[in-house]
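Student: Protein chains in written order, with the working numbering: chain A, 24 to 134; chain B, 565 to 678.
Simulated from the structure, these hints should not be mistaken for lab results. You may find that some hints are simply not true.
Pulled a few chain A residues facing chain B out of the computed Cβ check, cut under 7 Å [claimed, not checked]:
(1) Gln64
(2) Gly65
(3) Thr121
(4) Glu122
(5) Phe125
(6) Gly126
(7) Ser127
(8) Gly128
Straight-line C-alpha distance at most 20 Å; calculated EDC-like pairs for lysine to aspartate or glutamate [unchecked claim]:
(9) A:Lys37 to A:Glu101
(10) A:Lys37 to A:Asp86
(11) A:Lys80 to A:Glu91
(12) A:Lys80 to A:Glu101
(13) A:Lys80 to A:Glu67
(14) A:Lys34 to A:Glu106
(15) A:Lys80 to B:Glu659
(16) B:Lys622 to A:Glu122
(17) B:Lys613 to A:Glu122
Derived coverage of chain B by chain A (criterion: at least 3 residues anywhere in the stretch with Cβ under 8 Å from a Cβ of chain A; other residues may be distant) [unchecked claim]:
(18) 601-609
(19) 668-674
Because the structure is a prediction, the values reported are computed rather than measured. For each residue, glycine too, the CB sits at the ideal point set by N, CA and C.
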Amino acid sequence: DTGVSQDPRHKITKRGQNVTFRCDPISEHNRLYWYRQTLGQGPEFLTYFQNEAQLEKSRLLSDRFSAERPKGSFSTLEIQRTEQGDSAMYLCASSLGTEYTFGSGTRLTVV
Amino acid sequence: AQSVTQLDSQVPVFEEAPVELRCNYSSSVSVYLFWYVQYPNQGLQLLLKYLSGSTLVKGINGFEAEFNKSQTSFHLRKPSVHISDTAEYFCAVSEETSYDKVIFGPGTSLSVIP
Chain A
24 DTGVSQDPRH
34 KITKRGQNVT
44 FRCDPISEHN
54 RLYWYRQTLG
64 QGPEFLTYFQ
74 NEAQLEKSRL
84 LSDRFSAERP
94 KGSFSTLEIQ
104 RTEQGDSAMY
114 LCASSLGTEY
124 TFGSGTRLTV
134 V
Chain B
565 AQSVTQLDSQ
575 VPVFEEAPVE
585 LRCNYSSSVS
595 VYLFWYVQYP
605 NQGLQLLLKY
615 LSGSTLVKGI
625 NGFEAEFNKS
635 QTSFHLRKPS
645 VHISDTAEYF
655 CAVSEETSYD
665 KVIFGPGTSL
675 SVIP
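So here's chain B without its partners, still in its complex pose:
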C-alpha cells in the first residue's frame, strides 16, 4: 500500500520569496505522483503530475516539482510566491499499474505574508 508524508504542516513565507513544500512517499510498486491545491471552501485542483519521462514537472501558476526515485521524494517549488498562493497543498500518489485510487498526504498549509 502507498503512503505519503508531508513533513511541514505549515509553511509561512514572505511574498516574492521562494518556497519548497516537501513530500515523501512510500510504495512497493512504481507510482504516479501528484500535487493538488485547495483554496478555502473549494474543492481540490490539480497543480501538476508526474507519470513518466522527465523528472522535472512544470505545472500551473508557476509551480514545478522534481521526482527523485532514490529519495522517494516529490518536492514542490516556486521561485517567487504571491499572496494568491495562500492555500492548502496536498501531495498524492497512486499505483502506476492502475487508476483505482489516489492516496493523499496530510497537507501543507502555505501562508504568504505581505
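Extracted from the complex, chain A is given alone in its bound form:
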C-alpha cells in the first residue's frame, strides 16, 4: 500500500460546472476525512466517514457539496455549481486511530 491517493492532482473548471474528486485511503484504515485548505490557512474540516457511514458534516459543507464512501473503500467529493470561492486545496486523510495519513490533495481552481 503506497498511502492515500487523490485524483486528480489539479482541476481547473468554469464557474457553474460540477466537479468530482476521488480519494483512495490506506486499505486497512476505517476512517476517512475530507478537509479544505485555502492559501495561508490551516486545513478546515469538511466531513468524515467511518467505514461507509458519514458521521459528521461541517457547516462549511453547503448543499452544493456531497461526499460518499460506498462500501467503505474509496470516497468521492462532488461540488455542484462551482463558485470562485470553492477554489482551494481539497485534502483527504485516512486513519485507524489517532494518526492521520494525508494524500497530496486536489487543487481546484474555479475561473
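Following the hints, put chain B in place on chain A, whose structure we already have.
Tutor: For chain B alone, coordinates are given in the frame of chain A:
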C-alpha cells in the same frame, strides 16, 4: 469545541539556530495534540503527537514538543534547524474521547536562512 492558536504566522531563522513554534489550544475536555508539517505542494505529514504520559514528546527530524496543561500550550522546538526544515507547520487538537476529527491551527511558516 476545540480551537488552536498559532501566534506566529511566519518565523525566519538562520541555519543551525534553535527555533520554537508556539501553539496554544482551547478545549473544555481532555485533548490529544499533534504537530504536522507540510512541504510545498505536498500533503501533511505527522511530526509528533501527545496522547498521554510524558509531557515531552519527541518526533521525527529532531523535533520535540512539550505539553503544558496549565498553560494550554504545546510548543514545538528544534535545537538546530536545517535548510530542509523550511515548511509550513500546523498544530492540531482532537478530543481525547473520540477519534472523530482533528482541528488544525492556521499554521506557522518556518523559513530557514542560509
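Student: All the hints need checking, so say for each whether the structure fits it.
Tutor: Results of checking the hints against the structure:
1. Against a cut-off of 7 Å between C-beta atoms, the interface hint on Gln64 (chain A) holds, since the closest Cβ of chain B lies about 6 Å away.
2. Hint on Gly65 (chain A) holds. Least Cβ distance to chain B is approximately 4 Å, under the 7 Å limit.
3. Among the interface hints, the one on Thr121 (chain A) holds; its C-beta lies about 6 Å from the nearest C-beta in chain B, closer than the 7 Å criterion.
4. Taken as an interface hint, Glu122 (chain A) checks out: its beta carbon lies about 6 Å from the nearest beta carbon of chain B, inside 7 Å.
5. With 7 Å as the threshold, the beta carbon of Phe125 (chain A) comes within range of chain B, its nearest partner Cβ sitting at about 4 Å, so the hint holds.
6. Here the hint on Gly126 (chain A) is kept, as its CB sits about 5 Å from the closest CB of chain B, short of 7 Å.
7. Because the beta carbon of Ser127 (chain A) sits about 5 Å from the nearest beta carbon in chain B, less than 7 Å, this interface hint is met.
8. For Gly128 (chain A), the interface hint holds, since its Cβ comes within 7 Å of a Cβ in chain B; the closest pair sits about 6 Å apart.
9. At most 20 Å may separate the alpha-carbon atoms for a hinted pair to count; Lys37 (chain A) and Glu101 (chain A) meet this at roughly 15 Å.
10. For the hint linking Lys37 (chain A) to Asp86 (chain A), the alpha-carbon distance of about 19 Å falls within 20 Å, and the restraint holds.
11. Simply put, Lys80 (chain A) and Glu91 (chain A) have alpha-carbon atoms about 12 Å apart, close enough for the 20 Å limit, and the pair holds.
12. Proximity of Lys80 (chain A) to Glu101 (chain A) is assessed by CA-CA distance (about 14 Å); at most 20 Å being required, the pair is judged to hold.
13. A hinted pair counts as satisfied when its Cα atoms are at most 20 Å apart, and Lys80 (chain A) with Glu67 (chain A) qualifies at roughly 12 Å.
14. Distance check on the hinted pair: Lys34 (chain A) and Glu106 (chain A) sit about 14 Å apart at the alpha-carbon level, within 20 Å; holds.
15. Restraint check: the Cα-Cα separation between Lys80 (chain A) and Glu659 (chain B) comes to about 17 Å, which is no more than 20 Å; the hinted pair holds.
16. At most 20 Å may separate the alpha-carbon atoms for a hinted pair to count; Lys622 (chain B) and Glu122 (chain A) meet this at roughly 15 Å.
17. Between Lys613 (chain B) and Glu122 (chain A), the direct Cα distance comes to roughly 8 Å. Compliance with the 20 Å bound is thereby established for this hinted pair.
18. Counting residues of the segment 601-609 of chain B whose C-beta sits closer than 8 Å to any C-beta of chain A gives 5, which meets the bar of three, so the coverage hint holds.
19. With 4 residues having a beta carbon nearer than 8 Å to a beta carbon of chain A, the segment 668-674 of chain B meets the requirement of three or more and the stated coverage holds.
Consistency with the previously given hints is maintained throughout, with no hint failing.
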